[in-house]
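There are 2 protein chains.
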Amino acid sequence: MGRTSDARDRLIKAAKDLTYARGYTAVGVKDICEQAGVHKGSFYHFFPTKRDLLLAVIDAHVEWLNGIVAEAAQPELPPLERIRRLFILIGDFDEQLMASTGKMSGCPFGNLAAELNTRDEVIREKIDGVFDEAAGFLEQQLIEARDAGDLENVDPSAGARAILAYLEGLQLLAATRNSPGLVRSLAGGALRLAELGGDETRQANVQIH
Amino acid sequence: MGRTSDARDRLIKAAKDLTYARGYTAVGVKDICEQAGVHKGSFYHFFPTKRDLLLAVIDAHVEWLNGIVAEAAQPELPPLERIRRLFILIGDFDEQLMASTGKMSGCPFGNLAAELNTRDEVIREKIDGVFDEAAGFLEQQLIEARDAGDLENVDPSAGARAILAYLEGLQLLAATRNSPGLVRSLAGGALRLAELGGDETRQANVQIH
Numbered sequence: 214m215g216r217t218s219d220a221r222d223r224l225i226k227a228a229k230d231l232t233y234a235r236g237y238t239a240v241g242v243k244d245i246c247e248q249a250g251v252h253k254g255s256f257y258h259f260f261p262t263k264r265d266l267l268l269a270v271i272d273a274h275v276e277w278l279n280g281i282v283a284e285a286a287q288p289e290l291p292p293l294e295r296i297r298r299l300f301i302l303i304g305d306f307d308e309q310l311m312a313s314t315g316k317m318s319g320c321p322f323g324n325l326a327a328e329l330n331t332r333d334e335v336i337r338e339k340i341d342g343v344f345d346e347a348a349g350f351l352e353q354q355l356i357e358a359r360d361a362g363d364l365e366n367v368d369p370s371a372g373a374r375a376i377l378a379y380l381e382g383l384q385l386l387a388a389t390r391n392s393p394g395l396v397r398s399l400a401g402g403a404l405r406l407a408e409l410g411g412d413e414t415r416q417a418n419v420q421i422h
Numbered sequence: 214m215g216r217t218s219d220a221r222d223r224l225i226k227a228a229k230d231l232t233y234a235r236g237y238t239a240v241g242v243k244d245i246c247e248q249a250g251v252h253k254g255s256f257y258h259f260f261p262t263k264r265d266l267l268l269a270v271i272d273a274h275v276e277w278l279n280g281i282v283a284e285a286a287q288p289e290l291p292p293l294e295r296i297r298r299l300f301i302l303i304g305d306f307d308e309q310l311m312a313s314t315g316k317m318s319g320c321p322f323g324n325l326a327a328e329l330n331t332r333d334e335v336i337r338e339k340i341d342g343v344f345d346e347a348a349g350f351l352e353q354q355l356i357e358a359r360d361a362g363d364l365e366n367v368d369p370s371a372g373a374r375a376i377l378a379y380l381e382g383l384q385l386l387a388a389t390r391n392s393p394g395l396v397r398s399l400a401g402g403a404l405r406l407a408e409l410g411g412d413e414t415r416q417a418n419v420q421i422h
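Top line first, the protein sequences correspond to chains A and B. Heads up, the first sequence is in this note's numbering, so the first residue is 214 and it goes up one at a time. Heads up, the second sequence is in this note's numbering, so the first residue is 214 and it goes up one at a time.
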């Protein structure tokens, strides 16, 4: 049983690394099995479809994200500082990745969403759920900041979604520039978005043409 | 020559529609030729490689973007209002796409970047150039807003990059929710990011751990 369980983990690790580096569609089951050192027959024992493996890969990325979020959410930090720290930690991750591989890969969730949103409802909904969790963390910080008197008249739900969008976009632009640093250098923008108020979100809904 | 030119345009149109709906890797030359009604032999007459066609497809998406930017950049509007209008127009495009296809596809440039950044330097640099053009438009509006006294102590270059990241991220989150509306409803955040100052971008570069 030890070896069986190990093969499953090796498949997930190989698929995680390969899809993060090259995307999902471009990586075949054969590539994953070769990198994992697992026979193709065993693959289908663990994962009836390649999509089942991708769902496990997304869970593995969530574990990584949860580690970063836990490191950002230091109770001794003011809530808004925890958000800024999240940006800095992700920027640090990018810099380490760049130093070790020479390639920026961006956000694993954003990349899979961009590639598969229109083609796979199960994956789209899975990643939408990850984004909801991340927005929930951000919203909690905004609520705490508001309750501490650091923010006034804000819409924590809208602000959280705005900050998450900003974080996703910064990672995408940084990866497209193949240059780390953007997420760190523009982290201050997240604190601007934290101040987003209900008035603004209503105003923006007015048709202007 | 008329028919020849038409075949090339049909290939670009088919590839543009198919890759926007399904991604680049998942769409084969065969699919594109079938949808365009063009023989595979003719394909390679016009485009030595599938990547050459993708470069033409990106140019076609740029034409679409330029049309939207021109519509946003009404001289009679205050510069910041032009930026908000750009968000509203892209939100409108999303809503029309959703109404006609039932699927949100997000930003064509962002999607291709997320899928291909690590695999194709030519495509990555091409899209990086498109992002530069878009950031240039935004920066120009921020400079005009500053010169008109609407913004103080801002860093137009950083602000432009922040707003572009925000726009990309909103489109990604909206596509992952498969629900239009986010780009419009959170457009006000762009005006918050417009206020991003040099102090903040410097502060964010300080290591905090």
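Hints are computed from structural coordinates only; laboratory data are not their basis. Heads up, a few of these hints could be off.
Since the list gives no way to pick one copy over another, a pair counts as held whenever it fits inside one copy or between any two copies.
To be verified - Distance condition first, Cα-Cα at most 30 Å in a straight line; then the derived DSSO-like pairs of lysine-lysine: (1) Lys-243 - Lys-226; (2) Lys-226 - Lys-253; (3) Lys-253 - Lys-243.
Evaluation of the provided hints:
For the identical chains of this complex, Lys-243 and Lys-226 are intra-copy neighbours only, at 14 Å inside a copy versus 33 Å across copies, given an alpha-carbon limit of 30 Å. In this homomeric assembly, Lys-226 and Lys-253 come within 30 Å of each other (Cα to Cα) only inside a single copy, at 16 Å, whereas the closest approach across copies is 39 Å. In this homomeric assembly, Lys-253 and Lys-243 come within 30 Å of each other (Cα to Cα) both inside a single copy, at 7 Å, and across copies, at 28 Å.
In the structure shown, no violation is registered for any of the earlier numbered hints.
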